[in-house]
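Colleague: Okay, here's what each chain looks like letter by letter:
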Amino acid sequence: MNKIFTLILTFFAFHSFAQTTSDFEEYVIGVDSFLNGSVGPSIFSSGNLSLENDYNPAWMAWTGWAISSGTDVTTTEFSNLSTINGTGYDDSNNYAVSFSSDQTIMHLDNDAAGETVTGMYVNNLTVAHNIIKDGNMFSKKFGGVTGDDEDYFLLTIKKYLGGTLSSESVEFYLADYRFTDNAQDYIVNEWTWVDLTDLGQADSLAFTLSSTDNGNYGMNTPAYFAIDNVVTSDGVVAVENVDATSLFEFYPNPASEFFVLKNLEKENVQVSIFDMTGRLVYDNMLTNDQTEINIQHFSKGTYMVKIQTTTKFASQLLIKQ
Amino acid sequence: MIKNITLLLGLLAFPLFLLGQLDTVITIPEVEISAEKIRKQPVGTQLEKWDSEKLNSLPAQNIAELLTTESGTFIKSYGSGSLATSSIRGGSAGHTLVLWNGFSLQSPILGLLDLSLLPLSGSEEISLQKGGSSALWGSGAIGGVIALNNKSDFNTKKFTNVKTTIGSFGNFNQEVKFGFGNSRVQSVTKLFHQQGENNFKYFVAPNFPKREQTNAQVSQQNILQDFYWKIDKKNQLTLHFWQQYSDRNIPPTNVQTKSEAHQNDQATRIILDWKNVNGSYVLQGKVGFFKEHLDYYDDATNLVSLSDFTTLTSEFSGQNFFKNTHKLFAGITHSFTTANNDGYVNPPTENRSAVQFSYFFQQKKYKLQASVRQGLIDGKLIPIVPSLGFDYTISPSLKLQGKVSRNYRVPTLNDRFWQVGGNENLNPESGWSQEASIFSQVTVGKSSFEFSLTGFNRNIDQWILWAPAEGQSIWSAFNITKVWSRGLEPRFSFSQKIETIQLHFFTGYDFIKSTNQVAMDLPKREIGQQLIYVPTHQAFGRVNLVWKNVGFSYQHSFVGKSEGQYGDIESYQTGNARIQYSQNWKTCKSIVFFNINNIWNTNYIVVERRPMPGTNYQIGINFLFQKQLNHVKL
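Quick note, the sequences are listed as chains A and B, same order. So in our numbering, the last one in the first sequence is 321, and the numbering has no gaps at all. So in our numbering, the last one in the second sequence is 955, and the numbering has no gaps at all.
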């Protein structure tokens, strides 16, 4: 096990990236509201992302992206822009919603342009979730009359780099009913991490939805999905790998429910926690000197805690009991 | 007088004969005279007609069922008690014009009419005329025209007709009709109530339990009142009034867990009709007032969709005939519609006007009819539509018919004004159609054989579809495609009387190719692709046996494979049977009947995801009391 972490540490020692998390919280819209382009901006910027909205005032309709803080987890209406669990990632207020029968684009700006997107959290909206579950006059309930139809609702993510759309893609099933055992069929109903590092460097990402429920008029499944906490990398920066004790300290270790992290620097630090496989499980910008980080939902095992400032970074192992 | 009446009754009993002989009948005062006659018996095309007596002996409960079972017309039914629209000769629902006493029943908002809302007993005569006749009837008369006509019988002193039907799935139907009058004034009142649970169980898959249909309750009430008044020898005034309430739940599709949707339809329809007969002239003035609501609710999604329209139509026409060899008809019509709908930003209004002329010529062997109509919609001229039809009797057993016509359908108010996507400047769909038929009839002893073959060809241009505008994801209405329809309709019938048994057999087959002629991405259409929900092959057969007071009928239909929204719709065959016993007294008649529908318990669908019921039953009694003037027997 130590070998693996040594490898990971070695990797970070040579390829250190600053990361930015786009969480859309900069839009002050209160609880259970949205920005769909009818008022306010037509391009939403958060972190190093920009998301375009196409609002037609004559038609009072929009496509592209919206910012939502919806909390309605029951109403199956197209105007309900709430996720199925009624919050953003990690109980945050805001998240972004995509709606398009074609594709939506996420532009990477500033230091993130031309760099790799680490990943993001994805969730279903209430309307899509409920229609997939129960059907409506126009859309089928997944599984069909018998429950055996091998239906799916798929988000496909590709990238544009230098004006070219990639052939490789990352696929994420927002609902998957293809299992032989129907008990395994599922509809995503919580924020779920989607790793996008396989796409590599990108100028923008293109999102398309597809479903097994299609007619001559296109897809019958509501063409919605939500994203939050998109982690972009800001290119290689000259950061120095330093001794952990000079940057931060934390306790207890091993920990079971939480640990307290003390920031020894005067500036804001980026805290990232990776699991054994190198998957990012926590990512946040810390401003306080001392912060309590909840790890209740972590599986038992060994994690790597990484702290990074603009000029230096350090890492240390954490045991979750 | 009595002679005339007897002749008239004889004619009424044989409506087909009446058809052929109408021109001679016109001189008999008791026969309804109308300036519209020339429009109601078009030359060069087929007409199927059902009178009250015939309608009383059929298992069908509404027009949709009548057309499916009796004429083999393809009815797109969403299930028992649910929406039903027609596709005649490969046209869309909006390409069948439905007339009530000469005025269109089509909703100007949707451009179609739900045929399941039309009770069978509401009119004394129902006819179906296939083929285009926009030159005579205007917008929508492309695939065919269904006409419901309320007619007076000035020989009735009083009558009562009570019909009760109880059926499977909680279906109950009560009809009460009564009337009275004399040779100058007649009043006819009709009250109908119909309700049903429609909680039938339908097949899901092998080894799966059947699923029970839910949220499918329907309830419908109709009140109809007709007044007929012969003011003097020359003038007649008629008032038709129809109030309709329909309340129904919208059942879930077979891939929907449940539905909480329901729909209310309400209609008030009034027509005032004045006729003046003066020698060889007939003048006619009509005014119609139609006010209808269609309110749709879905409690599951808090959806409330309310819509209503009001149409005021006036029509003035005149007919002149010279010794029955030449007839001239001229008419002018104007209608004004206002509508409200959640989809409209401002309630739109629509003005439709038209002038039309028709010329009819008849010799011993020929009939010829030439018509032309010029319409105007909101001040904009629409294509002028001419038509030319002929009948040629080669011999008593052989007849040829043919017709060439241009036809159109104006865009609906939703196509024009719906926000998002309505397009106010849409053109009407229009195009030419041609048809030709050959009829032959042979009588050998007590057997009679009839054979007919009709071929038709029709092109409709500027066909309206909703599609995404270029570079946009929002759908709008466009005059975007062309549809080419053509087909063959052979028919064969056989009648024989064997002692006390009367046998009648009728069969037909429809071959219809109705193909899209413009390739599109969305909605997905290929050139040469058959329109969805239009089966290429359809066949039907019907046998009727009457022995003394007992009647038996069996009707079988085959509907070939068609393409739907999501894939192929499999072919199916269904059968319906009826047995009835009738008893006549001096002035009374009663009919007891038993219907078995879908006798072979076929699992089928007409519209995808909309299950149809299996075998179901109806039992009922129809009691008729009638007292004629001049003591004429029934």
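Don't take each hint at face value.
[Unchecked claim] Keeping only pairs whose Cα atoms sit at most 30 Å apart, straight-line, the calculated DSSO-like set for lysine-lysine is:
no., chain 1, residue 1, chain 2, residue 2
1, A, Lys133, B, Lys397
2, B, Lys479, B, Lys551
3, B, Lys907, B, Lys498
4, B, Lys845, A, Lys158
5, B, Lys644, B, Lys688
6, A, Lys133, B, Lys498
7, B, Lys845, A, Lys133
8, B, Lys701, B, Lys685
9, B, Lys370, B, Lys579
10, B, Lys882, B, Lys531
11, B, Lys397, B, Lys644
12, B, Lys845, B, Lys484
13, A, Lys133, B, Lys551
14, B, Lys479, A, Lys133
It is worth saying that the hints were derived from the structure and are not from the lab.
Colleague: If a hint holds in the structure, say so; if it does not, say that too.
Modeller: So, going through the hints one by one against the coordinates:
Straight-line distance between C-alpha atoms of lysine 133 (chain A) and lysine 397 (chain B) comes to about 28 Å, which keeps the hinted pair within the 30 Å bound. For the suggested pair lysine 479 (chain B) and lysine 551 (chain B), the alpha carbons sit about 17 Å apart, so the restraint of at most 30 Å is met. With a C-alpha separation of about 19 Å, the suggested pairing of lysine 907 (chain B) with lysine 498 (chain B) holds against the 30 Å cut-off. Simply put, lysine 845 (chain B) and lysine 158 (chain A) have alpha-carbon atoms about 25 Å apart, close enough for the 30 Å limit, and the pair holds.
Simply put, lysine 644 (chain B) and lysine 688 (chain B) have alpha-carbon atoms about 14 Å apart, close enough for the 30 Å limit, and the pair holds. The straight-line distance between the Cα atoms of lysine 133 (chain A) and lysine 498 (chain B) is roughly 49 Å, outside the 30 Å bound, and the hint therefore fails. Under the criterion of a C-alpha separation no larger than 30 Å, the hint pairing lysine 845 (chain B) with lysine 133 (chain A) is consistent with the structure, at around 27 Å. In summary, the hint linking lysine 701 (chain B) to lysine 685 (chain B) is not supported, as the alpha carbons are separated by about 42 Å, beyond the 30 Å threshold.
Only pairs whose Cα atoms come within 30 Å are accepted, and lysine 370 (chain B) paired with lysine 579 (chain B) is rejected, the gap being roughly 41 Å. Between lysine 882 (chain B) and lysine 531 (chain B) the CA atoms are separated by roughly 24 Å; this keeps the pair inside 30 Å, and the hint holds. Using a Cα cut-off of 30 Å, the hinted pair lysine 397 (chain B) and lysine 644 (chain B) is violated, with the two alpha carbons roughly 45 Å apart. Distance check on the hinted pair: lysine 845 (chain B) and lysine 484 (chain B) sit about 48 Å apart at the alpha-carbon level, beyond 30 Å; violated.
Annotation: proposed proximity of lysine 133 (chain A) to lysine 551 (chain B) is violated, straight-line Cα distance about 64 Å (limit 30 Å). Restraint check for lysine 479 (chain B) and lysine 133 (chain A): not satisfied, since their Cα atoms lie roughly 60 Å apart, outside the 30 Å limit.
Violated hints, in rising order: 6, 8, 9, 11, 12, 13, 14; the structure is consistent with all others.
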